[in-house]
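*Asks:* Sequence:
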Amino acid sequence: MRCTIIVIACCFAFMAKAQDTVHLSLPEILKLAENNYPKLKANLYELQASRANIKLQQQAINPHLDASYQANLATHNNISGMWQPQFVLPISGPPSSENDYSPVVGSAASLLLQWQPGVFGDRKAQVNAALATSKTLESKNAQEIFNHKVKVSNQFIDVVYYQQLLKLYEENIHISEKQLKQVKVLAVTGLRPGIDTALIQSELSRTRIEWLKIKNSYDNILSSLQEFVASDSIIVTRDTSFYSSVPIASTNDTTEHPFGKTARLSIEEGQTKRIAISKLTAPHLSFWGTTYARGSGVNYTGAVKSLDGFTPNRFNYGAGVQLSVPLLNHAEVKTRLQQQDWIIKSEQEQLNQVTLALKEQRKLSEKTFANAMAVIKETPVQVHAAEYAFNAMQIRYTTGLVNYSELLQTQSGLLKAKIELTKSQAELWKALLFKAAVHGDLNLFINQVK
Numbered sequence: 020m021r022c023t024i025i026v027i028a029c030c031f032a033f034m035a036k037a038q039d040t041v042h043l044s045l046p047e048i049l050k051l052a053e054n055n056y057p058k059l060k061a062n063l064y065e066l067q068a069s070r071a072n073i074k075l076q077q078q079a080i081n082p083h084l085d086a087s088y089q090a091n092l093a094t095h096n097n098i099s100g101m102w103q104p105q106f107v108l109p110i111s112g113p114p115s116s117e118n119d120y121s122p123v124v125g126s127a128a129s130l131l132l133q134w135q136p137g138v139f140g141d142r143k144a145q146v147n148a149a150l151a152t153s154k155t156l157e158s159k160n161a162q163e164i165f166n167h168k169v170k171v172s173n174q175f176i177d178v179v180y181y182q183q184l185l186k187l188y189e190e191n192i193h194i195s196e197k198q199l200k201q202v203k204v205l206a207v208t209g210l211r212p213g214i215d216t217a218l219i220q221s222e223l224s225r226t227r228i229e230w231l232k233i234k235n236s237y238d239n240i241l242s243s244l245q246e247f248v249a250s251d252s253i254i255v256t257r258d259t260s261f262y263s264s265v266p267i268a269s270t271n272d273t274t275e276h277p278f279g280k281t282a283r284l285s286i287e288e289g290q291t292k293r294i295a296i297s298k299l300t301a302p303h304l305s306f307w308g309t310t311y312a313r314g315s316g317v318n319y320t321g322a323v324k325s326l327d328g329f330t331p332n333r334f335n336y337g338a339g340v341q342l343s344v345p346l347l348n349h350a351e352v353k354t355r356l357q358q359q360d361w362i363i364k365s366e367q368e369q370l371n372q373v374t375l376a377l378k379e380q381r382k383l384s385e386k387t388f389a390n391a392m393a394v395i396k397e398t399p400v401q402v403h404a405a406e407y408a409f410n411a412m413q414i415r416y417t418t419g420l421v422n423y424s425e426l427l428q429t430q431s432g433l434l435k436a437k438i439e440l441t442k443s444q445a446e447l448w449k450a451l452l453f454k455a456a457v458h459g460d461l462n463l464f465i466n467q468v469k
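All letters in the sequence shown, in the order written, are residues 20 to 469 by the numbering used here.
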């Protein structure tokens, strides 16, 4: 079965030969995640629907013009005929001189124009409410995108970190393999005991097992990144800036955090909806105009001519204005306004909570970054000392001055120091990502990943 191989780093010595790859940078991966992730796409479609609702509210001011024609069969008694008055204004007419239940054909056709201009502000209030709802939804959409990009960036750091761990263990395996070849020669000449061969083989096997465990963790994180990008064929370029440069802690306090913006717009939406509710007590003004024609199977003399009922033969027109005032809904509107006031107060407290949380997280991000920066300054010293100790111990082992256990101790110390350096570098970049996340500007992180 053919499958797409996701490659994060260069080919390792113990990995299968990679297929041809197309490398993607972090900004490209984030863009791919924004465009592909189903939840974000669903949010976008919901936003488009809310924008369409604005247009619907704006179009509600347009007049309605309905054309209709109907033909029916009814008793002779109502010589004006019978009609269903959905689109035709009711037409009155004289009854017959006496009850006559014989069927007579009647017809009616009309054009009915209705227009409600909303001069008392109710229409404008509905449009403004739709606009406010759409703005809040747009902000929530941006908030979801921002949050998703933070998660993808965090996984990106983890992927590169595990890539580097694999590289470090491969280097350690290479050292042990070189030692194994060397000790076999020394054992034959009697310069080293044969037990050293078994010890090195044991250490080599242990290191390979550790590599496989790390590889499994690496694959799991890579799979999670695939899920968040919604692509089975992403190829992340090997990013070396994590190990060749130190980020700076620049911030932009003028940027409104997406979480704070959403909370603020939710309050504004609630206030706009309150205005719309208050307009429920406003009068309603409407205009109408009609032209209609009717046909009857009974003429003015009372004679029945059924076929004439299908053809309209009397024509009329009419126009009017109507003003209606709701008189008994004030109590209901008052209750709804009180309900909306509580909703607005709730949204205000939500904004206060977001503001408080961001304030504390920003202070924490400053401390986290400062501590990570302090650690990154110390770990290179540890690596340099461990390298010096290992190189010196290697010479002493070759000359027979120390046993393999002492050499292995310094070799393990060197690997541990390098792992600590790699970990501290990843933690520094995560601290920068945390700082960018709580300040609401992911570019503070992205622009430094080269």
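Keep in mind that the hints are not guaranteed to be accurate.
[Said to hold, decoys possible] Restricting the straight-line Cα-Cα distance to at most 27 Å, the calculated cross-link-like pairs of lysine-lysine (DSS-like) are:
hint : residue 1 : residue 2
1    : Lys-154   : Lys-143
2    : Lys-154   : Lys-396
3    : Lys-353   : Lys-364
4    : Lys-449   : Lys-159
5    : Lys-298   : Lys-386
Treat the hints as calculated values from the structure; they're not laboratory data.
From a predicted model like this one, the values you see are computed outputs, not experimental measurements.
*Asks:* Taking the hints in turn, state whether each one holds.
*Replies:* Against the structure, the hints come out as follows:
1. This hinted pair checks out: Lys-154 and Lys-143 have alpha carbons roughly 16 Å apart, not beyond 27 Å.
2. Note on Lys-154 and Lys-396: the hinted pairing is violated, with a Cα-Cα distance of about 46 Å set against a maximum of 27 Å.
3. The straight-line distance between the Cα atoms of Lys-353 and Lys-364 is roughly 17 Å, inside the 27 Å bound, and the hint therefore holds.
4. Between Lys-449 and Lys-159 the alpha-carbon distance is near 25 Å, which keeps this suggested pair within the 27 Å criterion.
5. Among the hinted pairs, Lys-298 with Lys-386 is inconsistent with the structure: their alpha-carbon atoms are about 52 Å apart, more than 27 Å.
Checked against the numbered hints given earlier, the structure breaks hints 2, 5 and satisfies all the rest.
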